[in-house]
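The task is to assemble the complex, starting from two chains supplied on their own in separate frames and drawing on the hints.
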Amino acid sequence: MSLTAKPVAAAPSQARRARRPRQDWIAVAFLAPAVLILAVFLIYPLIANFRLSFVDWNGLGNTARNVGWNNWLELSRDAVFVRALGNNALLAVLSILIQLPLGLLLAVALGRASRGSAFLRIVYVVPLLMSSVAIGTVFRNLYDPNFGAINVGLRALHLDALAQDWLGDPRFALLSVIAVICWQSIPFYMLLFMAGLSSMPAELSEAATLDGASPRVVFWRITLPFLQGTIRSAAVLSLIGALRYFDLVYVMTGGGPTNASELMATYMYRTVFSGFNIGYGAAISSAMFLIVVVVAGLALRLTRRYQTEV
Amino acid sequence: MTSAPLPPPATRRPGPSRLRALPATLLKGLWLLLTALPFVFMVMLSLKSREESYSTSMWTPPRQADWSHYADVLRGPFLSYVWNSLFVVSVSVALTLLLSSLAAFALARLNFRFNGPVFGVIVAALIVPVHVTLIPIYLLTRAAHLYDTSFALIGPYVAFSLPVSIFLLTEFMRQIPRELSEAAQIDGCGPFTTYARIFLPLSRPGLVTVGIYTGINLWNEFIFAYVLTSTPSHRTLPLAIFDFQGQYSSDIPAVLAVVTLTALPLIVVYIFAQEKLVSGLMAGAIKG
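Same order as they appear, the protein sequences are chains A and B. First residue of the first sequence: 286, per my numbering; consecutive thereafter. First residue of the second sequence: 24, per my numbering; consecutive thereafter.
No lab work stands behind these hints: they were computed from the structure. On a predicted model such as this, the values are computed, not experimentally measured, just so you know. Worth double-checking, as some hints may not be accurate.
Unchecked claim - Some chain A residues judged to face chain B by a derived CB distance under 10 angstroms, without partners named:
(1) Q308
(2) I322
(3) G344
(4) L387
(5) L391
(6) V408
(7) V411
(8) L414
(9) A419
(10) N426
(11) D429
(12) L477
(13) P500
(14) Y535
(15) I563
Note that beta-carbon positions come from the ideal geometry of N, C-alpha and C, so glycine has one too.
Chain B extracted, bound-state conformation (with noise of 0.2 angstroms):
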């Protein structure tokens, strides 16, 4: 809005238009609170002593922040499932980046019968539930005796990122020039070295967003963890909530220390990066 000392254009007086964005403002502080609310009563709950849990509302603050339920968590073995998280998680994207890449560069620069086909059979593997898998893939996991290993959920992690990262780096590959590849092809390099020196270096936004969306996804994967694994010696923090709650079940400020502590990782790393996270998400709006 300009300080023009003329009177501004009707459409632009500023009383009414602020009247007008009352219902976005009403609708952006509702949301605001309905948003911050449950992390602030879960904050609150995890300070509080477990006498102060019992005895004051979940709406007061805690008297005084008690953090012994959070030095309590950290001694037993909630390192042990971050580590497993972040083992699991960076052998899954890695292993899905180079696949996915390997195959949606045959898929956007190859010559050969059935790319079509081929390409339609991955889309279409997009919609397939996980738990139509479940049952297979777990006894499966038993017979290789993999079952309660990190291993055991890397396999079914990188099969269920593949179809979403192939499909978005074919999308992203088809967009790099031919000319670069028939150059590369003229001087000498075999379909190997275009993809290695060319293809991948070139490619870096769409794998950085692809690695993220995958990330977060696997990151806080449950269900294929919660049957393919059982000690918390193998375990991902997803399921530290889970079996933290059967140990203090009847203690609500150290299970809600657990969820604030498996939630701040990622927190943390978004604070950071929001603008990659957010287009990491995003990627997702294609997943069927």
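So here's chain A without its partners, still in its complex pose (with noise of 0.2 angstroms):
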């Protein structure tokens, strides 16, 4: 199962269609709470969302005023929406440097069977259950530049110079953060790519060993290409992950300081619920969007043509 399953794949044959009546009605009704419900809370929004962007309002009673393309004009010369914009793009380059690799390293890691192996998966599985906002919280205690541990620790082996107000300095903020998203996200590209390791047939790497081949000649040469498929729906989702962000960025730093940590759904969020101006929130996530549509077409669609071709 991968990102670029095609719907037609199980498409009954020409004789066997030919054969079954209709069911039109039928499956009406089986869609039908399921479409309502889509129409409703996802398809609608999206709808509306849009034209809320061509509006001026701060959210209270009939006040809304048709200004066009005004917002997206403002958009468009926008420093701080061109900064959430690039720090989401940092997030995104980031993540799949730092993620995949890692996550990638520890399955191969505990792919070795061992007696370890199998409590260690255990362990390194529970950042995956908490919220962002317990992980947030926690991490925000850690950063502190006075009595958190990162600090005080630096501090103990005489690095004073390194100890930083990791998310009050505008130069650290993103990055802490970014460390952070890392440290929950990790585990779950080594599960995703434990589950690939799985179904590579043993044979392989055995036979590949008893020719002589180096562990680190079998990762290059047989575990990696077995792998790039993995890789790939990895790395998309990673992206498309990156540009809709907003949990973690939010709890420990709520954007700041002075929007260097910035991200374009949590500008969203404070131009709406915090400065009330809803048209020109919605015009921001409108091309949070477009933005997320536009990557995850071109991306799969390189994804694919690579696929062809290898």
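Here you go:
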């Protein structure tokens, strides 16, 4: 099962289709409840959000005013939005460069069956079960410039120069949060790669080892090529996840200090729920939606092209 | 490794192989530390008295466990958050499983026009970021007078769980042999009986996986709960941390006691059902 699974895969053969009667109305009955919920809570809001992006409204009463493309024009010149988009891009790049390789290394390391591996896998997965609010709150305390475990530890090692105001300094805020995002997400990619590895026939690497290949060669020449489909899906997942990320940044820095860690989603949230600028917030999130769709489309297309080439 | 008396083949000498495993062992140990340490700090700090939390370093264990924060938190509205989470998550998961299994049955087995396109639209819905729908759903909830009720969350929760569950369950039901549904048809079963008597029971493993995945996600869901509810009597567990933080702003041990308590339910479940939970987490791997 992959991101690129095609819906047509299970279409019945022509002969079979001819024999079976049409069941249009029965299908409508089965699909109606799900489609109704999706229409009300997903499709309608998507369209309504685009329409809101053309008004100026503080959310109170019938004071909405149509302003045409003004919000979008303003957005295209908005330095904060550009910065947020850049931060999303940085998050995407670092997610792919950090989470995927570390997840893969951990999966391979745990793959060498030993008594400890089962236990370790259990422990590694725990961060995936925690809410972002819980993780963010714990790490805010660890990052605290005065009493936080990180700075206290650094000072104890006489590395005072390395002790920073991790979340309060615009130079480090975003990177500090990204480190926590990686901390939480790496076990997910580890599980993903472990699932991929478990479908690899053992004979493959055994034969190579018998032929005298070192584990390093086995990794580069056999394991990695075998996993390329999984790696591609992981990269696409990671990319899309980064473009629409919100939770840990909001909990840990709220996008600050002075927009240093702002993402598109946190900017939208502040604009709407602190600034009461509904129309502009709708424009930000609509733009985010368009960016996600375009990037996801490109990524899926690119990965599919590679799939056919290799 | 065998204990044969003959010298083992060159590639199996214990010395070099243990040496070769060294980077892997180091990595595993380092990651264990990185994973466990934040939890150790969390629990240690939550057990310190307020004075001790100021006067001692985060690295020093509490002189003696001070459970008073836990007692304080449990005396407050904490259990109301737990109850709301249980209610909202179980109703949402049940509705998600019902609606998505109905839809998946139609997509996997019924012969109707637009089957392909409908499935395509549902898969495409996987990439919609929740934040794009946040403002209209907020306005909709207010207009429907559901703001700050537990029911406000159920609609969005089900809607955002449906695409991935329909996708997974359709794939699952497509693997159920066609002969079974055809035999049922010959025996006079209508489509609904075929769904209820044959597909639903046979899809149990798929339903369990999807249910766990949806359940974990919704249990930890933050943004809808944050925006659509406002009082402790209607908020869910992740929000407990937020609300208590306002209340105990400077009392860090109390805040961390809340964090520990919110993390506990899922970790306890995990200890008893590791494999099931891991397979549920994996189901999300296709979530775009």
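Comparing the hints with the structure gives:
1. Hint status for A/Q308: holds, given a least beta-carbon distance of 5 angstroms to chain B, under 10 angstroms.
2. The beta carbon of A/I322 is positioned within 10 angstroms of a beta carbon in chain B (closest approach about 5 angstroms), and the interface hint is therefore held.
3. Look at A/G344: its Cβ gets to within about 8 angstroms of chain B, closer than 10 angstroms, so that hint holds up.
4. Residue-level restraint check for A/L387 holds (minimum Cβ-Cβ distance to chain B is 8 angstroms; threshold 10 angstroms).
5. Interface hint status for A/L391: upheld, as the beta-carbon distance to the closest one in chain B is roughly 6 angstroms, under 10 angstroms.
6. The criterion of a C-beta within 10 angstroms of any C-beta in chain B is met by A/V408, whose closest approach is roughly 6 angstroms, and the hint holds.
7. The interface hint given for A/V411 holds, since its Cβ lies 7 angstroms from the closest Cβ of chain B, which is under the 10 angstroms cut-off.
8. A cut of 10 angstroms between beta carbons decides the hint on A/L414: the least distance to chain B is about 5 angstroms, and the hint holds.
9. At its closest, the beta carbon of A/A419 sits 5 angstroms from a beta carbon of chain B; the interface hint therefore holds under the 10 angstroms criterion.
10. Checking A/N426 against chain B by beta carbon gives a least distance of about 6 angstroms; that is within 10 angstroms, so the hint holds.
11. Satisfaction of the interface hint for A/D429 is found here, the shortest Cβ-Cβ separation to chain B being roughly 8 angstroms, below the 10 angstroms cut-off.
12. The closest approach between the C-beta of A/L477 and any C-beta of chain B is roughly 5 angstroms, which is under the 10 angstroms cut-off, so the hint is satisfied.
13. Evaluation of the A/P500 hint against chain B yields a held restraint, the C-beta minimum of about 6 angstroms falling below 10 angstroms.
14. A cut of 10 angstroms between beta carbons decides the hint on A/Y535: the least distance to chain B is about 8 angstroms, and the hint holds.
15. For A/I563, the suggested interface contact is upheld, since its CB lies about 6 angstroms from the closest CB of chain B, less than 10 angstroms.
In this structure, none of the earlier numbered hints is contradicted; all agree with it.
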